[in-house]
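J.: Each chain, letter by letter, is given below.
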Amino acid sequence: MILLKTEEAFRALYADHAGGVKRFLLGMVGKNESIAEELTQDAFLKAWKQLSTFSARSSLKTWVYAVAVNTARDWIRAHKSLSSLSPEALPAQGAESPEVRAVREALLELELDVRELLLLHYYEEFNLAEIAEILHVPEGTVKSRLHHAKLKLRPLLLAKGFNV
Amino acid sequence: MNDEFNKLDTFMRQHRPEAKLPQKQPPTPSSLQWGIPALAVVLMVLVVSGHFWRQSELNAEAAVLAESMEWEVEIDLEEEEVGAYIALAE
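If you read the sequences in order, they're chains A and B.
Each residue of the first sequence is one higher than the one before, counting from 8 in my numbering.
Each residue of the second sequence is one higher than the one before, counting from 8 in my numbering.
Errors might be hidden in some of the hints.
Each computed PhoX-like pair below joins lysine-lysine, with the alpha-carbon atoms no more than 20 Å apart [what the hints assert, rightly or not]:
no., chain 1, residue 1, chain 2, residue 2
1, A, 150, B, 27
2, A, 159, B, 14
3, A, 68, A, 53
4, A, 68, B, 27
5, A, 53, B, 31
6, B, 14, A, 167
7, A, 56, A, 68
No lab work stands behind these hints, which were simulated from the structure alone.
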């Protein structure tokens with residue numbers, strides 16, 4: 008149905024995944040919500056325009072996230088001077104708890120590829136096979152990178168006083 | 008690996024931000040909406056005009072052939088019929 012490229016199909020795709028994609032992009036760029044929203048719209052438009060490249064072998068969800076990952080990378084590349092955000096500059100997002108905010112701050116201290124992996128794993132709850140599909144790397148590579156990513160994240164959270 | 012990071016995994020999952028839909032309206036891919044039907048119309052026009060052009064060419068060819076063979080035929084032939092005449096003439 009989605010391949011019919013109707014406005015309705017596009018809205019359904021957006022309704023199903025825009026919230027998660029925005030959360031992922033906010034975690035990646037660490038700016039305010041309006042930038043994450045713009046990037047979300049940008050990602051969905053790109054996904055729509057590139058729909059002909061979608062292979063039925065992957066799920067539409069992992070495919071949309073693959074586009075979102077590239078959108079985030081492009082934005083960060085173009086705004087390199089802004090991407091090294093200090094945690095203090097992180098704006099509060101609505102009613103989020105201090106712990107959730109502290110986790111976001113910790114993630115922002117990590118390198119982009121590590122952050123990307125942890126966001127897909129913890130926030131978007133993708134399994135190893137799905138992450139491999141999104142990042143176009145073998146599943147074994149994801150497993151090993153994730154192990155190292157967790158080793159990097161843990162001391163940051165310990166330093167913030169969390170018993171992890 | 009699972010045991011080693013059990014506490015971290017549980018903590019991270021408990022402190023996952025909510026997924027909130029963007030406040031902005033979904034983008035409208037209007038150019039694509041119009042682009043595909045427009046392309047379909049152009050293709051259809053090309054196919055139809057190509058068919059009529061080919062038909063008139065064949066009829067003209069059949070008329071010349073019939074005249075040279077001193078046949079009296081009605082000049083409104085389908086492609087298969089013209090093919091048959093040409094084969095006969097050859």
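J.: Each hint needs a verdict: does it hold in this structure or not?
T.: For each hint, the structure was consulted:
| no. | hint | verdict |
| --- | --- | --- |
| 1 | 150(A) with 27(B) | violated, 29 Å |
| 2 | 159(A) with 14(B) | holds, 15 Å |
| 3 | 68(A) with 53(A) | holds, 14 Å |
| 4 | 68(A) with 27(B) | holds, 17 Å |
| 5 | 53(A) with 31(B) | holds, 17 Å |
| 6 | 14(B) with 167(A) | holds, 15 Å |
| 7 | 56(A) with 68(A) | holds, 16 Å |
Violation of the numbered hints given earlier is confined to hint 1; every other hint is satisfied by the structure.
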